[in-house]
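Chemist: In order, the protein sequences belong to chains A and B. Residues 23 to 495 (this note's numbering) make up the first sequence, in order. Residues 23 to 495 (this note's numbering) make up the second sequence, in order.
Any given hint might turn out to be false.
Same chains, same label: a pair holds when it works inside one copy or across any pair of copies.
Claimed, not checked - With a straight-line cut-off of 35 Å between C-alpha atoms, the simulated DSBU-like cross-links for lysine-lysine are:
1) LYS246 / LYS114
2) LYS96 / LYS272
3) LYS305 / LYS27
4) LYS381 / LYS60
5) LYS114 / LYS37
6) LYS272 / LYS31
7) LYS118 / LYS146
8) LYS111 / LYS272
Quick caveat, the hints were computed from the structure, so don't treat them as lab data. Just so we're clear, the structure is a prediction, and the values are computed from it rather than from any experiment.
2 protein chains.
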Amino acid sequence: MHDKKILLKETEIPKQWYNIVPDLPHPLPPFIEKETGKPGVGIVPKIFPKAIIGQEISQERWIDIPDEVREIYKIWRPSPLYRAYRLEKALKTPAKIYYKYEGTSPAGSHKTNSSVPQAYYNMKEGITRVTTETGAGQWGSALSFAAGVFGLEATVYMVRASFDQKPYRKTMMNAFGAECVASPSNRTAAGRKILAEDPDTKGSLGIAIGEAVEDSLESEKTGKKANYTIGSVFNHVCMHQTVAGIETQKQFAMVEDYPDAIYGCIGGGSSFSGLFWPFYHDKTSKKAPKETQFFAVEPTACPKVTRGYYTYDHGDTAKLTPLVPMHTLGHDFMPAPIHAGGLRYHGIAPTISVLAQEKQISTIAVNQVDAFDSAKIFIRSEGIIPAPEAAHAIKAVCDDARKCIETNTQKTILFALTGHGFFDMTAYDEYFSGKLQPYEYPVEKVAESMDKLRKLYPWLNDVTKQYITSCKQ
Amino acid sequence: MHDKKILLKETEIPKQWYNIVPDLPHPLPPFIEKETGKPGVGIVPKIFPKAIIGQEISQERWIDIPDEVREIYKIWRPSPLYRAYRLEKALKTPAKIYYKYEGTSPAGSHKTNSSVPQAYYNMKEGITRVTTETGAGQWGSALSFAAGVFGLEATVYMVRASFDQKPYRKTMMNAFGAECVASPSNRTAAGRKILAEDPDTKGSLGIAIGEAVEDSLESEKTGKKANYTIGSVFNHVCMHQTVAGIETQKQFAMVEDYPDAIYGCIGGGSSFSGLFWPFYHDKTSKKAPKETQFFAVEPTACPKVTRGYYTYDHGDTAKLTPLVPMHTLGHDFMPAPIHAGGLRYHGIAPTISVLAQEKQISTIAVNQVDAFDSAKIFIRSEGIIPAPEAAHAIKAVCDDARKCIETNTQKTILFALTGHGFFDMTAYDEYFSGKLQPYEYPVEKVAESMDKLRKLYPWLNDVTKQYITSCKQ
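Model the full assembly from the supplied sequences, consistent with the hints where possible.
Modeler: Structure follows, in structure tokens:
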């Protein structure tokens, strides 16, 4: 029996990030500009630093991590890989379960893996303020921390539902030196418009993105340009997250094991990408000793892959971003206030969409009550209170591990424990007091949103067919 | 430059706890029974398992850690020792600062180091329920976790002030499978009496201890005996905490350094004891390469050592415990609702009292606003949000490190970072919004409490003089 915690030295923090783009089954479809219906990146060059744009469109497989970023990674990286001995015992499964735990970071989740390089590149290019949105508060906290490290101001637009559910996330952002504003807010035209229509709105990630982007675009007029930063979906973010997967490969080598199946929850898709991309590279480069399967787990309350359309859609409700090739529930998606704020985004990373469409990964939808049931087993065996987002992956892992009992297979299962749930205790309180409800997003609503989208852009169908292989639409 | 995080392997988890008692400058004064004024342990044998009582009175220097306990320790132990490179830089100090971080445990603090063996020994002796009190909620969470691990029920009486300030601690205890009750409660005669006198009382640790002890004593009548467990003060608890100090010694050996000064906050004194006792043993056994100094840091709002009397007093407000030889503010002490709930206890470990009286350790009192000022510097440099309790030690460390600038001394400073502050965000919110106030406990009140105590036990002066060397009274 090897150690419960498989640990690496700081010198083993990866020196490069892995970019999946050159290894995809086919090239990524381009972004489309809403004005023309033609390929183009729209506002992207106006809101990101050059280094980030370079990474976003890069075709390079390996990209160097700056020393200054690795130095900050040392605060919490390499993160531990745990063997879930006690969970296995609780489930009575012959399966071997491992989890890569990203909850030891300053913000309590994987998000700092990308916030640190994003803040760094902005600082290098002379930017002094950054803006962003946050759903669950994980990304906002992570950006606040990173901005502080590199001496930047930060303005975080936090989805009202989460802002109310998790007031302490705001305090955490303040502790790191940043400002946190409930979204929709009266700071932006987009926010004011939505508040005028519905003053009691709970907000959405799509709305908050719109506000953070608008803040960045408008800041030019003040003479003090603020850049926008993003916590998921974009290629560069997913790529930054691969430090987790690359470390995990080294950790599996230490115990002479290799995963048969990898699970992760998906909101925008970055934490899951960060864990499985390097293993996908093993596969495409014929180095994988096993036929590893990859499972993305989404909530039934926000089933963009299992119930959404693979088409072009905006990343934000205000339609400021270009049209992105992805699985989507529609940019006007209004999430139910379920307790996995980080999974309530209407779209998904374009890379995940390609891989899902090409059946390189499978997607499972899980309802939140089942997720919390599994979290309870996990807490009482492993002693870690997981973020509700990660609990969705735990549910799928428990199901797989239980199947191994019937088939008596000693399968090796790996999952992403993306963060701790210490700021999600309202959710746990609701669960333990029996008030939590399952929720399924109605399929009709997706169809309605798609109809609206097609009416808005009559050329959309042709464009989608042209660029998206085997599109559902 | 060595690694930021100095890590040990799981095989290096200590196999024995260290007991300071045989190495004290003189024997520990005995407990006294209130009925007779003579040495005796009162209710102690009725509320603890035999193994724990054996450890409490043990004169052995090293006590074996059961394998089952070490197995559970592996969930989070060995804990990391950090070199505070970025804090040193922020303070511009030539001093080398290290901190032993106990916040990675399931409950988020050092408390699980003792809750796990306490639950284990209770389970071994056939007990199926345990009771306890909790101030800040750290100990209550830790006991809840440990009870769950060994299949015990747990009832936690939580001081009302903390129960209201930190509602999520209750949820955490529920998550681990325990019950958490605000104290004073109507579950016990002691609680009902206090509620009748003052229905709005904020409670105190002394009151909560009384309730938990009464619950244990009364349980005998129900045919299902519940034992009491305690989170600090007692020798066995301080001894369980020495896993931290013993690990730290190994970690310092790895980087070929040794502390000149060790700091820790003191509530009941167990986390500080856990860190410094093994280094004190180096000193008494002439193995220490340096004349290490030990600094206990208490809040000005609860200054039991700097302002209290070294005498005999009860551990609880209900006067159920025997009289304990310790520095005290009086068992009727009603703490101000300051934000370091874990430091609001009126007394201190008898071992700490002996060492303080014999000038083997120094004590510093810090006010909470200064503590949070230092916490802010720490958060923005080291990226960890400390528990407010630990922030008191950080304040004293920062003062010392700043003095090193003037004297240009490259001193090695170690402190106990006892836990994270993720459940203390109300306190941080108050601090960051400028509402936090400093508070000093009035000396007159201590004198009043001591007068009352002497009137209650007219023989107290004689007894104190007989057993306590150089007593202040």
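Chemist: With identical chains, the pair LYS114 and LYS37 could be close in the same copy or across copies; at 35 Å between alpha carbons, which is it: within, between, both, or neither?
Modeler: Classified as between: cross-chain Cα gap 29 Å, same-chain 39 Å, threshold 35 Å.
Chemist: Evaluate LYS96 and LYS272 at a C-alpha cut-off of 35 Å and name the case that applies: within, between, both or neither.
Modeler: Both: 17 Å inside a chain and 21 Å across chains, each within 35 Å.
Chemist: Have a look at LYS305 and LYS27 and pick one of within, between, both or neither, based on CA distance no larger than 35 Å.
Modeler: For LYS305 and LYS27, the Cα distance is within 35 Å both inside one copy (26 Å) and across copies (33 Å).
Chemist: If the cutoff is 35 Å on CA atoms, where do LYS381 and LYS60 land: within, between, both or neither? Let me know, please.
Modeler: For LYS381 and LYS60, the Cα distance is within 35 Å only inside one copy (28 Å; across copies 79 Å).
Chemist: Using 35 Å as the alpha-carbon threshold, which applies to LYS118 and LYS146: within, between, both, or neither?
Modeler: Answer is between: at 30 Å across copies they meet the 35 Å cutoff, but 44 Å inside does not.
Chemist: What label fits LYS272 with LYS31 when the C-alpha limit is 35 Å: within, between, both, or neither?
Modeler: both (11 Å within a copy, 17 Å between copies)
Chemist: Measure nothing new, just compare the shortest in-copy and cross-copy C-alpha distances for LYS246 and LYS114 to 35 Å and report within, between, both or neither.
Modeler: Between copies only: 30 Å across chains, 59 Å inside a chain, cut-off 35 Å.
Chemist: If the cutoff is 35 Å on CA atoms, where do LYS111 and LYS272 land: within, between, both or neither? Let me know, please.
Modeler: both (25 Å within a copy, 32 Å between copies)
Hint check: no violations occur; every hint is consistent with the structure.
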